[in-house]
Amino acid sequence: MRMLLIDRRAWQEGLKRAAGQYGLIGPVKEKEFHSFRPLKPGEMPDLAFQNSRLSPKHVVYPQTEPMFAYTLDETREDRHLLKEVRREIPPRAVVGIRPCDAKAFVLVRLNFDTPDVQDPYWLRAYEATTFIGMGCNAPCSSCFCTTAGCGPFHEEGLDLLLADLGEAFAAKVLTPKGEAFARAAGWTAEAPAGAQSAFQERARAAEGRITSFVQTEHLKSIPVNDLYNASFWEEVSFSCINCGTCTYSCPTCWCFDIQDETRGKSGVRLRLWDSCMYPLFTLHGSGHNPRGTKLHRVRQRFMHKLKYFVEKYDRGIQCVGCGRCVRLCPVNIDIRRVCNMMNGFAVSGEACAIP
Amino acid sequence: MRNPYQPYPVRIDAVTVETEDRNLKTFRFTFLDPGDEERFAYRAGQFAELSIAGKGEIPIGIASSPTEKGFVMFTVNKVGLVSSHLHTMRAGDVMGIRGPLGNWYPWERMEGKNVVIIGGGFAFTTLRSSIVYMLDPQNRGRFGEIHVIYGARTPGMLLYREELAAWERRDDIRMHITVDATNDPGWKYHVGFVPAITEKKAPPAGEDTFAIICGPPIMIKFTLPVLEKLGYPNDRIIMSLENRMKCGIGMCGRCNIGKEFVCKDGPVFTLEQLNRTPREY
Chain E
1 MRMLLIDRRA WQEGLKRAAG QYGLIGPVKE KEFHSFRPLK PGEMPDLAFQ NSRLSPKHVV
61 YPQTEPMFAY TLDETREDRH LLKEVRREIP PRAVVGIRPC DAKAFVLVRL NFDTPDVQDP
121 YWLRAYEATT FIGMGCNAPC SSCFCTTAGC GPFHEEGLDL LLADLGEAFA AKVLTPKGEA
181 FARAAGWTAE APAGAQSAFQ ERARAAEGRI TSFVQTEHLK SIPVNDLYNA SFWEEVSFSC
241 INCGTCTYSC PTCWCFDIQD ETRGKSGVRL RLWDSCMYPL FTLHGSGHNP RGTKLHRVRQ
301 RFMHKLKYFV EKYDRGIQCV GCGRCVRLCP VNIDIRRVCN MMNGFAVSGE ACAIP
Chain H
1 MRNPYQPYPV RIDAVTVETE DRNLKTFRFT FLDPGDEERF AYRAGQFAEL SIAGKGEIPI
61 GIASSPTEKG FVMFTVNKVG LVSSHLHTMR AGDVMGIRGP LGNWYPWERM EGKNVVIIGG
121 GFAFTTLRSS IVYMLDPQNR GRFGEIHVIY GARTPGMLLY REELAAWERR DDIRMHITVD
181 ATNDPGWKYH VGFVPAITEK KAPPAGEDTF AIICGPPIMI KFTLPVLEKL GYPNDRIIMS
241 LENRMKCGIG MCGRCNIGKE FVCKDGPVFT LEQLNRTPRE Y
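Protein chains in written order, with my numbering: chain E, 1 to 355; chain H, 1 to 281.
Treat the hints with care, as some may be off.
Unchecked claim - Stretch-level coverage of chain H by chain E, calculated; a stretch enters the list once three of its residues show a Cβ under 8 Å from a Cβ in chain E:
hint, stretch
1, 48-57
2, 93-102
3, 248-256
Treat the hints as calculated values from the structure; they're not laboratory data.
All C-beta atoms, glycine included, are put in the ideal place defined by N, C-alpha and C.
Modelling step: build the complete structure from the supplied sequences, incorporating the hints.
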């Protein structure tokens with residue numbers, strides 16, 4: 001695999017050059033926190049961050065996205081007909097995305113790109129995007145990526161993976177898309193052997209700094225109804241206030257709602273992020289609600305990520321270990337603890353909850 | 001890439017008030033582009049999203065049969081925003097249909113078998129589709145005995161009353177119509193709840209008999225034990241579920257029961273399948 005060496009100057013100049021062919025999106029500090037947004041001409045991604053407060057999933061999957069437009073004007077021939085709103089997405093690159101957030105797109109793709117149906121909105125945006133990852137030299141204490149099918153230098157879902165070596169970056173070219181971006185940026189210097197081993201060294205060291213883990217090996221084999229009926233859900237969900245922060249900040253949560261918004265005689269059909277934490281998510285027209293209590297809803301979130309997904313796709317858990325939901329939950333519900341309780345269920349039964 | 005959220009444009013061709021409380025109306029649609037009718041090729045048991053610009057979409061079982069050509073038909077209960085608006089619409093109005101969606105009753109497995117259809121209230125729509133499908137001269141020979149147990153609160157709440165009467169007169173289908181109660185002295189059929197009539201009238205259980213059951217939760221709750229008592233195996237009891245839906249294609253995440261999506265892996269499940277999954281419906 002090709003590895004490039006990009007010194008600080010080549011980095012800045014390369015991004016400026018690449019901006020001629022790509023819309024650049026990168027981490028930018030706004031007020032207290034970093035978030036991913038389109039970079040202004042000449043603006044550089046601010047890489048002095050651990051990770052963005054919210055995941056960059058909106059880059060591919062905006063929180064609100066028009067799907068169709070319509071007119072209700074009775075004098076018009078095309079009244080009441082839905083016309084597809086096609087977002088033109090020129091090639092763009094997310095520069096500085098963390099490996100966990102890039103891997104998350106790979107998991108979400110399983111939902112939106114299936115053998116018999118494809119979601120054109122998600123897929124067109126994903127395919128137009130090049131992912132330039134930045135390995136995590138200093139992971140957070142709440143990161144548990146290495147046991148969540150990911151890692152601080154994980155490559156899945158990335159087109160280029162960079163390691164910050166101080167004076168320069170070493171960049172692993174992972175895909176033809178990554179190759180094309182490097183070409184557009186004019187990054188051609190091959191990394192010498194020293195830089196290559198420095199890259200490996202950074203990756204190993206970063207993995208060693210991960211101190212928080214989940215156990216997942218039994219999740220697949222424990223019968224689904226046993227886990228569903230486990231008595232710990234009462235305790236797990238007790239403090240939840242169903243605020244939805246976990247699902248909105250999660251890079252792998254994809255659930256959505258569809259709503260029509262009319263103003264005067266015209267309107268749009270929108271797709272919007274939704275959350276399994278909200279009672280309306282499953283409320284029937286009759287008033288019946290199959291997930292009518294917060295216990296149902298909290299259980300759904302964890303069962304989906306840690307059991308249903310695992311069984312359905314056999315691709316591990318629907319979590320990349322970014323730790324956002326752990327850090328942001330206002331009542332300290334911790335997916336690591338719940339995952340370990342679920343995973344331990346077969347062995348320990350109801351006997352004890354693993355702290 | 002075909003956009004799976006794009007409905008086919010349709011025109012309302014006829015509206016029929018089905019029940020005496022006027023809460024149920026049947027809408028017959030024709031496709032604006034005749035080619036869409038072929039693209040909408042469906043099986044009995046599937047559903048579609050009825051789509052009204054400015055209001056939204058509702059998932060509704062297809063009440064017409066694949067053997068009926070030139071139109072598709074849906075019977076809709078007036079409940080929420082979209083269905084209430086639909087009830088104000090008239091012949092000639094244009095809207096959309098997205099589908100067909102979901103799976104269907106297991107027609108291949110049921111070939112050569114006896115079928116008992118058990119329905120209650122307004123959940124009779126895809127059951128009507130199934131009956132019309134099986135009674136089609138091309139298909140009738142492919143099934144054994146056909147029984148229909150169908151109940152509503154009162155005679156005026158039964159759907160498709162003219163067709164029910166016509167089926168009563170046939171000798172290749174055994175109808176067991178019932179109402180919870182009636183003060184009509186001329187009422188010729190049963191009085192009693194669906195589970196009780198099922199106990200008396202359902203054909204004997206066996207490898208060669210399937211039960212398709214569709215109705216309000218309370219009816220299902222009391223009919224399942226009856227079928228079990230009669231000896232119907234769980235993989236011969238077929239049910240069709242409803243859940244709140246948006247996308248209809250297994251993506252939006254709300255209608256799942258365990259790892260199965262009611263919209264895509266269902267709505268039709270055997271009781272055996274349902275017993276193996278959390279029953280959040």
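Quiz item: Within the assertion that chain E covers the stretch 48-57 of chain H, do at least three residues meet a Cβ-to-Cβ distance smaller than 8 Å?
Solution: holds (count 7)
Exercise. Test coverage of the stretch 248-256 of chain H by chain E using CB-CB distances below 8 Å; three residues minimum.
Key: holds (count 8)
Quiz item: Would you say the stretch 93-102 of chain H counts as covered by chain E, given the rule of at least 3 residues with C-beta under 8 Å?
Solution: holds (count 4)
Hint compliance for this structure: every hint is met.
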